[in-house]
Each structure stands twice: as structure tokens, then as C-alpha cells.
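Number of protein chains: 2
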Amino acid sequence: MSNTKKIESASLKNVILDGGFWAARQATNRDKTIPAIYHQMELTGRIEALEIDWKPGTPKPHHFWDSDIAKWIEAVGYSLETEPNPEFERLVDHAVDLMEKAQLPDGYYNSHYLAVEPDKRWTNLRDMHELYCAGHLMEGAVSYAAATGKSKILDILSRYADHIDAMFGPDEGKKRGYPGHPEAELALIKLYRATGDERYLNLSKYFVDERGQQPNYFDEEARRRGEDPRNYWAKDYRYTQAHVPVRDQHTATGHSVRACYLYSGIADVAYETNDQSLVNISKQIWDDLTQHQMYVTGGLGPAHTNEGFTFAYDLPNENAYAETCASIALVFWAQRMFHLDQDSRYIDVMERALYNGVMSGVSFDGETFFYANPLASYPNVNPYALWSGITSDRYYRRSEWFDCACCPPNVARLVASVGAYFYSTTSDRLYVHLYGQNKATFDYHGSHLKIEQQTNYPWDGAIEISVKVDKPTTFDLALRIPGWCRHHQVMVNGEMISAKAERGYVVISREWSKNDKVSLVLAMPVERILPNPGIRQDAGCIALQCGPVVYCLEEVDNGAELANVTLPPDAPLKAEFDADLFGGVSVISGEAMRVEPENWPGGLYQPESAVRVARKEFSFKAIPYCFWANRQPGEMRVWLREG
Amino acid sequence: MSNTKKIESASLKNVILDGGFWAARQATNRDKTIPAIYHQMELTGRIEALEIDWKPGTPKPHHFWDSDIAKWIEAVGYSLETEPNPEFERLVDHAVDLMEKAQLPDGYYNSHYLAVEPDKRWTNLRDMHELYCAGHLMEGAVSYAAATGKSKILDILSRYADHIDAMFGPDEGKKRGYPGHPEAELALIKLYRATGDERYLNLSKYFVDERGQQPNYFDEEARRRGEDPRNYWAKDYRYTQAHVPVRDQHTATGHSVRACYLYSGIADVAYETNDQSLVNISKQIWDDLTQHQMYVTGGLGPAHTNEGFTFAYDLPNENAYAETCASIALVFWAQRMFHLDQDSRYIDVMERALYNGVMSGVSFDGETFFYANPLASYPNVNPYALWSGITSDRYYRRSEWFDCACCPPNVARLVASVGAYFYSTTSDRLYVHLYGQNKATFDYHGSHLKIEQQTNYPWDGAIEISVKVDKPTTFDLALRIPGWCRHHQVMVNGEMISAKAERGYVVISREWSKNDKVSLVLAMPVERILPNPGIRQDAGCIALQCGPVVYCLEEVDNGAELANVTLPPDAPLKAEFDADLFGGVSVISGEAMRVEPENWPGGLYQPESAVRVARKEFSFKAIPYCFWANRQPGEMRVWLREG
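So the protein sequences, as listed, match chains A and B. Reminder that position 140 of the first sequence reads as 142 in my numbering, one-by-one numbering, no gaps. Reminder that position 486 of the second sequence reads as 488 in my numbering, one-by-one numbering, no gaps.
You can take every hint at face value.
No distinction is drawn between identical chains; accordingly, a pair holds when it is met within one copy or between any pair of copies.
With a straight-line cut-off of 20 Å between C-alpha atoms, the simulated DMTMM-like cross-links for lysine to aspartate or glutamate are:
(1) K618 with E644
(2) K62 with D230
(3) K8 with D478
(4) K576 with E610
(5) K154 with E102
(6) K618 with E563
(7) K237 with D405
(8) K176 with E200
Calculated directly from the structure, the hints in this document are not laboratory data.
Using the sequences and the accompanying hints, generate a full structural model.
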């Protein structure tokens, strides 16, 4: 067997999340989020734009609207894998019919260019998201065709991919272009896997290899448009990871969603071509990102200006951008990294992002969304003060929609497909990455294997796993011991085993009989998390984490002026399950201090000697960060002052 | 006598700063800053633009270049009041000759419009700074004519003011416009005082009264340009304080320089017209600004997006905008407020701004400038990360110049004229606002009065004041007891007097004889300053202040990672004069702690129990904030964690 080549994730349709956190989130996603997104796409003209009958003088279909529809189709496909929904299918089929009608004989398809500026296609890869939209449509096509068996959308996208393959590449007469916003790289790999057509693999590899080569294609393309490349609005090709060739990149750089889509594509190419140099580059960038540039929530990209990375340990809280899509892209990349290098550290990051920075992107009711995911929030921010950036109410209240609506359908497709992140399989090993109530099935050497997890994870560290095989079968069951867990215990059929974790997994190698029971207990105390001393924004603060879940204080539970709350180093902390809150979550409570002057004489500044500072104890309550901003608007803080 | 109407500041030419802090700053200003600004104006085409021979296809003279030259002329005029400089005069006279040549017969003058778009004048008051440039030219004209007796520039600007008066106003046939960027309001008052022509006073009053009236002039003007007013780039007329009429404004709002220029103009109109309702509005806005929206440095306007105000207690440090010009404008306004309402609280703010937020705007060598004045700085900020705003190296290193170069000549004119802020006089009282080595002369009821201050203020609180009259004269000598000072002592001719401060001034009423000596001792311990508990960005921190000077820690003295430095509540602090640093400044030192893990296991986040946090004592050194970033680039912090 090989741990490197043939490892793959579980099939989505074979993992049924039948209770607990993810089942609830998936139900909301299916019943609320997916319909709400379609409703918004209708309201905003995105569906109508598929008719390709835009008239000058009316609002133009935006050049990345296709990607919104594509991600929504992809979400529908994933949802259909485990739950039929004729209405969803009707809506997708209608869209697919319109796409088929609009697709040009040469295979080209982009609703913006077809309607608005058909003579301009492929003239601005840098800014116009044409290959990005193509990639998302490919992902949508693969998802929807796999779930329904309806191949029409896959055929449309294969024809489009053939067109793109004819247009771009190293061969004489082709353009040496590549995506301004990476996405097609990973999408072409999916299309390759769905169709078996190696041209798509080769095109993806070409995109990866060509990126950042000199002379820079984006420069040349700008000159062909009659523009001076130095006037590039984003100023620097770091923004789009095209400043140097991929193999010369060693740090996470630029726009964080572009970055992690690219890194996912690189990992896919490395996996398919067994390219060790790409594996090494991927590990270097991974280490930089996760060791220097990641929020405790798995959020990425602190800066608004480039929607992306800045420099090591620069992790502002209140002004964090930490786009929902970036954490989602990190989940994609993490799974791929694990498939290159079987180490739980990738899954630790994936789990951190999933339970925190991803799920904070959608409201508990599933109908509103955060684009940015700050780690502290002050709701009296005057919207006026921030008018040149994202409007400030998006900082404390989720929105139904955005002009640039990448995040809502991105959350929808990830939630709908989260089952596929629970397990990976090789020819002789089953990796269990994530814990949560589910039933999953696999085929092992002709044996039909059924895994059932009984657990209230992430609110409880006790997981009962039944392993059911239809005949005795030998394989490794590799149970992830999360990085946050410092004591664990494994029993098989009631007997303690003393297996040590190897690269983060306890590997149980045995011949499994019909009805084995594995009990895993992950000690899950409330942890005070210290920040790296290089993170200036968190100095003197701690975060509260319990299991994979990061907590926050909200004003609704704790009053305002949370900056004046301190947590004494010795304050006992307890986590208790509250069945009534957000469908059942653990809540952390304890005694904190409110440290404030009790005789402030007025004014902005006073000599310390004129002020008596009082320390008043109060009972605080922390809730899971991913559920913040679901009650009354108010202040929120993840990092709490210690003292 | 009247304390309200006839109070006025000392004549600049009668206050000679002959030693100490301000004499040194003025020498640098005269010898380095004023020439450096002229050099930059030549390099960037601003001087050449006065020739009004711009050719299409070449870079356009910018629509606010006139204001840069005007403020430079104003600075030269102030400098000439106390020190002749034929070269300065030659340069100004040349510019004035060009202006005279270019001025239209109807009096219009604007080097941008005359050269670039002569048919567009007065079509966009909202954005195009035409009245702003006119105002600065008036201020320059008044200053230069007063210093040299050369009236040509005053004649040019009087003709221009006559043109403006013919163009704008409430009368039939005139436009009901007013400045998009306030400035002409206060400038017209200066022109009125210099010429005695009441039309200028009335025009200023009209501008103040018309501002923000409905229908909004900027809306109507935009429609006349064929634009939809709702597409205003700044989104909201709060930006330019034109959202409601001035008399309905109660808080400091919008672009902070526009705001404080407007408030200064309002105060001038109130003073000249004895308009108590404008006085009351001014006090309300003053209270809001100084009680809710001012940095401890006297910096104003935290936000980059609007270069201005946000909301109460929102005072971010590292991202502070706190434009140099805003603190300068605050000085202007503070003096005017005192002339409306004789209370030292205005001068306390003026002094805070002068020694901190204003003087941080220029380097010790006088040749580089800060536009923004953050209260914390991290020099490894990747310039890329901030590319949509001000480039980030401006955050830790002063620049020789800016495309929008308002700040350098603004510092130059304020430093050159700082002597005028030392004293105010009424018919029977001399207010001493600021302390510092100087010799000043006044006429009191026919007596020639000479005041000499001997002091090393702001580094020492002992001030010896000799009062020399040529004949025995009765008047009040009112000595300001700064708000920061909690113990003071006054002696007259060696005898303690027990006068209490009234509205912040110890008033010594007596018949002064030929050679009286007043000794004032202001206790000047190092103070730990606590922030208002509403300022979330400063929670748990203190600032160090000694006298009016706010201090900061720099990396060059204290190492990096200043966020991990804490100051124990009981740490003794001492201020000592260091004659070798920046021409002689007091430096604060003491023992601080560096609180850092000593066994950080790597990674971004660790459970607290896995880390041993060590507290290591070290000797810290704090320097005056206004002199930061004059040595090796590095971190800087004003607010230090206490603990």
C-alpha cells in the first residue's frame, strides 16, 4: 500500500451526519441558506443574467456573478448527495439549460462577457475573473453531475475546459496566461478526476507552473489593452501570488482567498503528478501561514486593503478582515495537505477553521452572513467612519447579501460537504479526522465497512465508534488525537489500549470482526490560550478554548466595555452544556473582574494618582465564537485581558 | 475694560524666542524647513505652475497647489517678523510677481483653474478647494505684507476677495456657495483686520451661516455639473461639516482639518460680531472634541477613511491618522476660543497639541514630515499591506514631501508664529499662556512694558519673569497654571503670594514698578496618565507625561516587542535632562518589566499551562513623543501596559 498516492477522502454520499452540531448546521444550510442564496441571486439579477440579454443602459451583469451561481449549484449538488430535493434540481436544471443555450459553439461561456463585452474575452485575466468563474462552474458541474447523474452541466463545462485548453498553454499559438484569481487550478483537477481527461490535469499543471514567470503575462496583457502595467490598481503582483514563479514562493502572500485556492491547486497538482518539489513548497507556505499568519479562529488575512496577508504575527482583532472565504479555502487546502503528508497538524488547522472562522460566517438561522470575521467588535462604530472600506455594520451584524457575494455560497457548499472531511482512506487504513455524530460506509478489500460515531462532540470529548464489517477484515483504524488534546484514552471492546499517537493518530491495527466498539475519550478542559509573544495585538491577553471551539464574550451576557474586563490567572473556569442556547452548545463561565476607575473625574485623561481604580468581580459567560452576533448587537471580544 | 471684545494675541514681532525649545525649533524652521519646502515645491512643479503655461499632455498643476505656496509665504512672513532674510523675500516677491501677472482683470486667481480648466471655475466648491486656496493666499498675503510692508500681495488678494464677494452671498444674482474645505472663513477675518474692509467680515459671516442650509448648495452644484449628488465620493456631507447648518452642529464631525478650520472661522465671526449663539455652539463642539475625541498628544481624527473624527472614545493608536494639520488647526482654534472665553482649558489643549501632536509632524532636523501621527508604530509593516491608504513607511519614517503636501508648510507657519501664542492682552491685563525663554514687549496705557522669561521650560517648571515698565503701571499679570500642574508657587520680588488660580490663571493685580521679578514654580513630576475607561484601545495602559510633554518608548532605547513591556504600578520614575539628546530634552527612566514566555514551544497559540511566563526587569528610557522617529527606525509606543 502507499500512504502518499492513493489516499483519498470519503465519498460525501457515504457519510451521513445524523445528529449533533453538523447535522443541525446542515439542516439549516439546506432549509434556509441554500434557498436564501437563490432568493438573493434572483433579487439581484444574477439568475436573469443567465438569459444573456443585457441591454446597454441597464446595470451590467458583474464579471464574477457566474461564480456565485456556480458555488450555489455546487452546494446543491453536495446537499443532494444525502438528501433529495426536487425543487433544488428544478432550479439548477433551469440554470443549466440557460447556460447550454448561451454557450458559444467554440465552448466559451461567461455570462458577463457574452452579454456585455463579447469582443473583450480573454483580454484581462488579471482582473476579470474569467478563469475563476470557469473554475467555479467546473466545481459546480462535477458536484451536481455526481449527485444527480445528470451529465449536461458536466458536458458544458468540459466543452468550456476544452476551449480554455485550446486557448492557454505553452504551445505555439496559445496565450501564456493563467488565472488572475486562482481557482481553475483546483477545479481542473476535479474535472480531470470526474472525466479522466488528462488534458485538464495538464492544463492545471501548466497554470501552476506558468504563474509569475517572466515576462509577466499580466504586464504583457495590460500593454495589449493599451495600459501601463505600472498602473495596476493593486500595485503589486504579490496581491495575486504572481510576483515570482510558484516554486520560488515560500510565504503566504497577498489576497488570502486567491492564495489558499492557489495553494490547494498546487497541492492537487503535486498529488496527481507526485511532484515532491511542489510538496515541499506547499509545506513551507503552510508552515509560514499556520505558524505566523493565522488567527486563533483559523481566520486568515488581517488586512482590508489587500483582503489578505501582511507580515508575521500581525493579527489585529477589531480590524481583522479574516474573510469567511479564506477560512473555507484553508479547509480545502488542509485536507489536500493531509493527502500529501499524513500528519494531524493539517487537520488540527482544518478543525480550528471549521468550528470557528468558517462557521462565524453564517448566522445561526442560516440567512445572514459575515464577510469579515473580526475577533473583537464595537457596535457603536459610526458607519461613516469606515466608508471607504467595507461598511462598518458588517462588523457586528451579518448581512443578507453582498455586492461581492463570494462568502454566502462558499459557506453553503462547505457545510453541505463537511461529511467528506471526516475520513480519509488508503488501501489499508481508515483515518478518522473529525468527530461528530455520523454513520459512514466504506469498502475495504471487498468487505463492506460501516462506522458509526456516537458523541456530543465538540461539546464533549467522549466518542463511541462502532466498527461494523460484514466479514472479519484487517485494516488500520487511525484515530486523530487533536492537537488541543493533552490526555486521551482509547479502548477497544472495553479494553484499554496503550497505542501512542503517530503523527497525531492513534493507529489501531487489527482484524476487525463484525461488531467492534472503540471508545475514545479526549480530555476537553477549558484551556486558556496564550498568544505567541510576537503578536503585539494580543499582548497580555488570553483566549478561551474548549476542545476545538474558541470562545468569546458578548455584551449581551457580560455588559459593555469588555476591554475593561480582566480574567484573573487563577480564576476557575467551567464549561457546561446549555441545551437551550443555539440548539445546544457548551458555555464557559467563571468569575472575571471589571477593572475600572470608580471616581473618574471626567475628561479623557487623568493622572493616575487622582483616580481610584476598582476591581469588581462578576460572573462572566463566554459563548462559542462561531455563534456570536446572533442575539442583541453589542461588543464582542475573543482575546481577554488577563490580570 | 472688557474681557470679551478687545482681547488679542501679542504681536508676533514683539515676542522674541531667544533660547530653549522654541528658539531651537524656530532656527531649524528658518534654516532648514522653509528652504526645504521651497526646494520641494520647485522639484514638484508647484513654482513653475505659477507661470500658468501648462500644456495638455503634461502633468496638471494640482487644484490645491496654491495652498502650499500660500502657507509657505505665510511662514516666510512670520519668520521675517523677527529675522530678516533677503533670499526669502526675493523668492516670495518672484511668486507674487507671477501671481500679479496671472490674476484676471475681474480679480480671479487660481493657478490650477487658470492653466487647466479656466471655463470650470466656481463649478465645484465641494471638491476643488478653490475657496480654500483663496483663503490660504489671503493668510499668506496678510502675513507677508505685515512683515515687509510690501502691499502688492495684499492688493492682489484684496482684489480676489472682492471678486469672491461679488460672486457669493445671499444677494440676488450671487451664488449661494461656501467653501467645500473651510479656510476662507478665518482668512477673510484676517483680511478684514488687515484692511478694515467690512465686506470681508460679512462674507466670512455669510459662509458660516450658509453652510449646510437646505437646499444644499453642493447638491445643486453637482446637478449643474450633470452629476447625481448621491454619488458624492465622500458619501456624506458630514465629511465637510455641511450636513446641517453650523448652528445645528454640536459635535466635532468629519474631516478633522476642515472641521477645525471651520471652527476657527466660526470663533472669529463670533468674536467680531459678538454672536453669543456662535460662542455657545463653539463651546459645545469644543467640549465634545476635547472630552471625547482627542488623543493624549492633542492629535485629532483617528480615521484614515475620512481623515477625521469617528465617535466618542474611539482612539486607535497604531492606526491613528491624527494628521499634523489637524493638531495645528486645533492650536488655531484654541487661541480663538480663549479670546471668546478666558479660561485656561483652551490653552491647556493648545499646549498639549503644540508640544506633542504638532511637533511630531516635523523631524528634529526640520527636513522631513509626518502626515499621520500614530501613537504606536511597528516598522516591519509591509508597505504592501496598506497600499490603499497612506503608504505605510510614513508610519515610522517621516517623508520629505507628499503629493498632498498640506502638512509641511502648515508646520512651518505655526513654528514661525508660535511666539504669537505666548501672550494675550486686554486693556488692563496681560495673559501669559505659554512658558519658555523669551523677551516680549507691549504697550500699556502709554507705558512700554517688557517681559522676559528665563526658564528651561518645558523641561523644568521654574520660570523667572522680569516685568520692566518705563514708569509705574497698573495692570493684571495673569499667569497660566497649566491643567497638568497640581502644585504651584508664585513669588513677586521674592515674596510668596497666595493668589489662587481663577479659571486657570493666577492674576497678580498691582502697580508694577520698573524692575519687578515674578517667580513661578510649576511642580512637574513624572505623571502616569490613565485613559478614560471608555477608550477601549488604551485599556490597562498608562501614558507618561512630564509637564506638557507626552513621552514614548522607542525600540532603539528599549528593544523590540514593546507590547510585552509592562510598567509596574509602583515603579519609581524619574525625569532627567539629557543635554546631548535632541539639543537637550528631559528623558524619563525607571525599571519596567518585560513579560514574555521563557519557554515558548513555537507556534502561534499555546495553552497557558504549557508556558512559563517570565517577568524580567529592565531599565527603560522614554523620550518626548514629538521627537520619536529621529534615530534608527523601530517600534514606538505611547500607551504602556501597566502591571
